[in-house]
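Participant: Residues per chain are reported as follows:
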Amino acid sequence: MTKPARKEPASPRRGAEQHRIQSADRRRSWRRHHLSVAKEALLRLQQTPVASLMTLAVLAIALALPGFLLSALGNVQGLTNGWDPQPRIALYMKLELSDQAIDSFSRELLLRDDLSSVELISRQKGLEDFRQYSAFTDLLDRFDSNPLPAVIMVLPRDTDPLQLPLVRNELAALPGVDEAQLDMEWVQRLDAVLALAQRGSYVLGGLLALAVLLVVGNTVRMTIESRRDEILVSKLVGATDAWVRRPFLYSGFWFGLLGGVLAWVLVQLALLMVAEPAQTLASLYLNDFVLQGLGFQGSLIMLATATLLGLSGSWLAVSRHLREIEPGEV
Amino acid sequence: MAAIRFSNVFKRYASGQDALLGVDFELASGEMAFLTGHSGAGKSTLLKLIMLMERPSRGQVWIGQQDLSRLHRSQIPHLRRQIGVVFQNHQLLFDRSIFDNVALPLQISGYDPADAARRARAALDKVGLLTREKQNPITLSTGEQQRVGIARAIVHKPKLLLADEPTGNLDPQLSEDIMRLFGQFNSIGTTVLIASHDLSLINRMRHRRLTLKQGRLVADD
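Sequence order for the protein chains is A and B.
Taking the numbering used here as reference, the numbering of the first sequence is continuous, increasing by one, and the terminal residue is 330.
Taking the numbering used here as reference, the numbering of the second sequence is continuous, increasing by one, and the terminal residue is 221.
Careful: at least some of the hints might be erroneous.
What the hints assert, rightly or not - Lysine to aspartate or glutamate pairs mimicking EDC-like chemistry, simulated, CA-CA at most 20 angstroms apart: (1) B:Lys134 <-> A:Glu230; (2) B:Lys157 <-> A:Asp25; (3) A:Lys39 <-> B:Asp95; (4) B:Lys134 <-> A:Glu40; (5) A:Lys39 <-> B:Asp112.
Said to hold, decoys possible - Only part of the chain B face toward chain A is listed, based on derived beta-carbon distances under 10 angstroms: (6) Met51; (7) Ser74; (8) His78; (9) Arg80; (10) Ile83; (11) Val85; (12) Ile108; (13) Gly110; (14) Pro113; (15) His156.
Hints listed in this document are in silico derivations from the structure and should not be mistaken for laboratory results.
Using N, Cα and C, we set each Cβ at its ideal position, and we do this for glycine too.
Could you build all of it, start to finish, from the sequences and the hints given here?
Facilitator: Written as structure tokens, this is what we have:
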């Protein structure tokens, strides 16, 4: 068809000229078709508002659940990051050391470059604290002398979890130190719990993504069935597979995008509902906690994922069912 | 140059039924012919092979320069765009207007909308239904629906026009009108092949006649 027009010998029979379509025209008509098909697919959703809304609601819930979980986790993680777990090492000093010796030992520690802070809790101070905060004060009366060791709390400069045990070991080996305890296990535990929760959210998200694929796929499959005649006739008058596929891909696209927007609204509403109690809880520990929403990037990812899932779902349905509708038995 | 050439074509369906048995014929470009025979003689199968709605079990079908057995699935739409088909049961879409039905092939081929509208109206004018363009085809009589089907088949000025029992459900007067319409298209250079078992009508038309009997071409006169 694109060969240069072969001049037929001039003949009075001019009526049946084949219309030649230029490639620029073709591109323009391709764009035009996309636009009109996109519009039409959206209109079709409006034509069956109840069915469309039900489908969209299912999609929105399936998309919102992992969205909400992940953004909640993001908040908790932000919280612990804000806490800056400052791992302390507690040095329990040998009981036989004199107060002066411990005092000078702690001054020596102050000179070390790898420690950012050194705090001495003398035996006397320890005893007073114990009396003040503990319920077992009468326990102390059974001892002749103060049984509590002096404790030096130090903050290492390097808070790398791999380096900390090394610093601890080094400090434990110093003369006069009975025992050195690294106080960071709770941070590790919290991190482990968060990692587990995150993995769980991803698994749940994956399953729900599958659900979205199936819901969109099934909805598009039903649309294909209801437009069977149109597909047959279009193929008979020369429609390509891409042309036939296009309206259904666009319905999948709209289902995905609109489902994503609805899911976004749901997540924001859910976050709004937990914002106040979360704020109250957080203020017990921190002053400057602000509940984070999905944020710009998160919203974008959510909408993109939803749209992609909608498209993929319709692609699955279209590639499975469209080939079955071939004009043969007309 | 031959518009259609069948070379020793066999068609056996998956059910084991033999629809065509060694069919050989040529239809020259610009010719008009009738394809006749009892129902079940293989008329529809022959048309389907031309449209690539079916593939032959053996033998070759040529449309113009194109050997259809060498045509890939993805090229089928482009073949079909060069052919106009009128179906026995007209295959109109009742979810859109008469105009949209007729404009569908142009839309699919990517015509500019203004150009497509002009051509669709011209086609509707030719079958005498221009004033009804905005109506739904369901409001039309069978004869009128058949004419819409014809308008859709000729709207893109195909080089080859096929018709499968185009007068099947029509009274003699309407049948004659429709046949005259086909004659007009033929007179401007379109190759026309009409499958019909309406012998009295065919005899009056004095065109070439291909007769099928149980899958074999038994007469060509």
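Participant: Does each hint fit the structure? Answer for all of them.
Facilitator: Here is how each hint holds up against the structure:
About 19 angstroms separates the Cα atoms of B:Lys134 and A:Glu230, which keeps this hinted pair within 20 angstroms; it holds. A threshold of 20 angstroms between alpha carbons decides the hint, and for B:Lys157 with A:Asp25 the separation of about 19 angstroms falls inside it, so the pair holds. At most 20 angstroms may separate the alpha-carbon atoms for a hinted pair to count; A:Lys39 and B:Asp95 meet this at roughly 17 angstroms. Between B:Lys134 and A:Glu40, the direct Cα distance comes to roughly 19 angstroms. Compliance with the 20 angstroms bound is thereby established for this hinted pair.
A hinted pair counts as satisfied when its Cα atoms are at most 20 angstroms apart, and A:Lys39 with B:Asp112 qualifies at roughly 18 angstroms. This hint holds: B:Met51 has a C-beta 7 angstroms from the nearest C-beta of chain A, less than the 10 angstroms allowed. With its C-beta approaching chain A no nearer than about 7 angstroms, B:Ser74 sits inside the 10 angstroms limit, and its interface hint holds. The closest approach between the C-beta of B:His78 and any C-beta of chain A is roughly 7 angstroms, which is under the 10 angstroms cut-off, so the hint is satisfied.
Annotation: interface hint on B:Arg80 holds; nearest CB of chain A at approximately 4 angstroms, less than 10 angstroms. Proximity of B:Ile83 to chain A holds as hinted, the smallest CB-CB distance being about 8 angstroms (cut-off 10 angstroms). The criterion of a C-beta within 10 angstroms of any C-beta in chain A is met by B:Val85, whose closest approach is roughly 7 angstroms, and the hint holds. For B:Ile108, the suggested interface contact is upheld, since its CB lies about 5 angstroms from the closest CB of chain A, less than 10 angstroms.
Because the closest C-beta pair between B:Gly110 and chain A is about 3 angstroms apart, less than 10 angstroms, the hint holds. Because the beta carbon of B:Pro113 sits about 7 angstroms from the nearest beta carbon in chain A, less than 10 angstroms, this interface hint is met. At a threshold of 10 angstroms, the smallest CB-CB gap from B:His156 to chain A is about 7 angstroms, leaving the interface hint in force.
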